[in-house]
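Peer 1: Given next are the chains, with one letter for each unit.
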Amino acid sequence: MQPYLSEQFANPSGAHRFARRARAAIDDARDRVAAILGVRGGEIVFTGGGTEGDNAAVLGAVRRHRGVAVCPATEHHAVLHCVEHAHTLFGGRVVGVDSTGVVDLDDLAATLRDVAAAGEKVSVVSTMAVNNEVGSITPLRKVARVVHDEAPGALLHTDAVQAACWLDLRDVAVAVDVLTMSAHKFGGPKGVGIMMVRDGVSLEPLLMGGGQERERRSGTHNVAGIVAAAVALEVTVAHRESEAVRLGELARRLVDLIRREIPDVHETVAAAARVPGIVHLCFADVENEALLFLLDEAGVCASAASACASGAMEPSHVLAAMGVDVRLAKGALRLSLGHTTTTDDIDRAAAAITAAVARLRAPRKVVAGR
Amino acid sequence: MKILVAMSGGVDSSVAAAELLRAGHDVVGVTMRLWGGESDTGCCSVSDVDDARRVAQQLGVDHLVFNFADEFNDRVVTPYVEAHAAGVTPNPCIECNRHLKFDRLLQRAEVLGFDAVATGHHARIDVDANGVRRVRRGVDAAKDQSYVVHMLDAHALRMITFPVGSMTKADVRERARDLGLRTADKPDSQDVCFITHSGGREAFLGDRIPLRRATVVDESGDALGEIDAVELVTIGQRRGLSLPGGAPKQYVVDVDVEARVVTVAPPHRLFDESFSVADMSWSDAPPTGLVAVQSSAHGRTSLARVEPQGDGSVCVRWETPQRRIAPGQSVVFYDVGDEFVLGGGVAVVTRRRRGMTA
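Going line by line, the protein sequences match chains A and B.
Counting along the first sequence from 1, when you hit position 133 you're at 211 in my numbering, and nothing is skipped either side.
Counting along the second sequence from 1, when you hit position 50 you're at 35 in my numbering, and nothing is skipped either side.
So that you can see chain A by itself, here it is in the shape it has in the complex (with noise of 0.2 Å):
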């Protein structure tokens, strides 16, 4: 990208040399992203990240098709909010989820029926590739026959951020209408997305202006962001087989190493429905907050559930919507997985975590007076 942060800054949207230039670079990202995907460069947008893409899906197909837009209750938030707000426009449901938090496919059909009855039609579905939290893996051709079937006018949208890595994502495109991804989650730039728009799909766009990406996401291209997408995207895919198995083998481990040294660890999601490279697991009587900081300190970084905006760890909204017991919920840790991680890593945060949470679960001192 480095190239185009200097003496190819030109804006790709001019009508002079180097324009042409940079807007050769995006065209070639496009086609390559394009071929990824299994779609034609004219279906890949551009955007400013996942949380625009998810909101232009979603909100796009709202406002055009004006009706209701439904998802699961374990979404991202970017789709899940964006989901309830539609609420106040066209309307908005949230369905239920199995116990690995995937949609619940019944649940969806009754409520796509139940919108009919009701006189009234989805303009989207949006259930995502891979959950971000627990890592389990939709189906989503099987979500795409439940909408054919009962909702036939509907759009199907995925968050596929968390898939990339993980997933065929030729298998995944091909079973949606819109797809979302974020760069930064397969080694991109932060601050750049990828939408696909299948063909004859007609969003109402989030963004006017410049009418750039066809109409579908006005503001200048960043050029250099793009370009490293692709790039970040080739690379990803290219080691995606042989990194899901390394990467499987080194999450089974580090499950044993912590399951044999600790009592009373849920694995939130097993291993054959969930991708390789998220590990979620909940430590009875444990605070993650204080677990997470006892990890920082001992050079492990993971994470629990998201943060407001004044950083505060929030509940998971997922674990509460797949039901886990609030007991374990409070002592969740998501554990990730990539191309940097070693066994010898494995081996050092499994040490770590194990004696964190023994730490944490030692009878408190017995203090006179409290």
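These aren't lab readings, by the way, just hints derived from the structure by calculation.
It is possible that part of the hints are untrue.
[As the list claims (entries may be wrong)] Straight-line distance between alpha carbons at most 20 Å, and here's what the computed EDC-like set of lysine to aspartate or glutamate pairs gives: (1) K268(A) x E130(A); (2) K(-13)(B) x E130(A); (3) K(-13)(B) x D374(A).
Start from chain A and add chain B according to the hints.
Peer 2: The following block gives chain B in isolation, referenced to the frame of chain A:
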């Protein structure tokens, strides 16, 4: 020492962190996220958290946020609402200190391996010849906060430090200015953090409990007027009672929320010879001689003797009659020299009609 500094985003805790750092301690700042709703500094008090974080960054110390919103709601907000519903005048800042800052945070700090917890309170901790630890008034009498930290027990006092308690407020601000801290000229917080300036107490309570009209009567029971919300009335109140102007001054001497009757009387009827305090804690054996009694955050003290009752409460006998203390208010006992906290508790209802405690 490894010290966790509770940083509210105000100047006192900013300087507390700076002073501990200067003394060579290993300092980590933490802001407790307590109230998740609307506040005067934005939802979750985001701008205060920003100030705390920026000060920590400037000092070069780590800054954490602990989410204690559930406990705050259970231990502070809900009791606050329930107290008003029962016609009692609560002191939420003291309950927050008791349950959040000096219990929840202290426990968390111990578990995480901190040797001490510091806050920006203007109070000192003193150890006497017998090894008894007591809260002592801060150096700056006008800013002294020993009243709101009076409940600290021996264990807590071993773990806590108040770095600015030995400084005047002017010194604190000067120190903050010298360090170029963004909080140097930030005004002191005055009000209950979960009540917005625009909505006030009435809007906050009105969203949570029904506010009911009440009749204002004199001591012979004759109706003098009506008020909108009996839940907002406090013993000793004079204004906002919708009494006709020009009449002699009348004060609230009794609030009966169930009957929805507020009794007013001339000022001399507001004075008591004695009153009761429950939920007592003592830093040592209960005092036998005269004590100085304080019943509001910046109120003056008056002399009294305490008589322990069988049920753990005490009867406080004033040397000279004093204005009635609203039930629910914290009452703190200092030594007769008015310097050291000996103990404290909560004033209880002395009306005969019902036995509501705070």
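Peer 1: Let me make sure I understand: some of the numbered hints might not hold for this structure. Which ones are they, in numerical order?
Peer 2: Failing hint: just 2.
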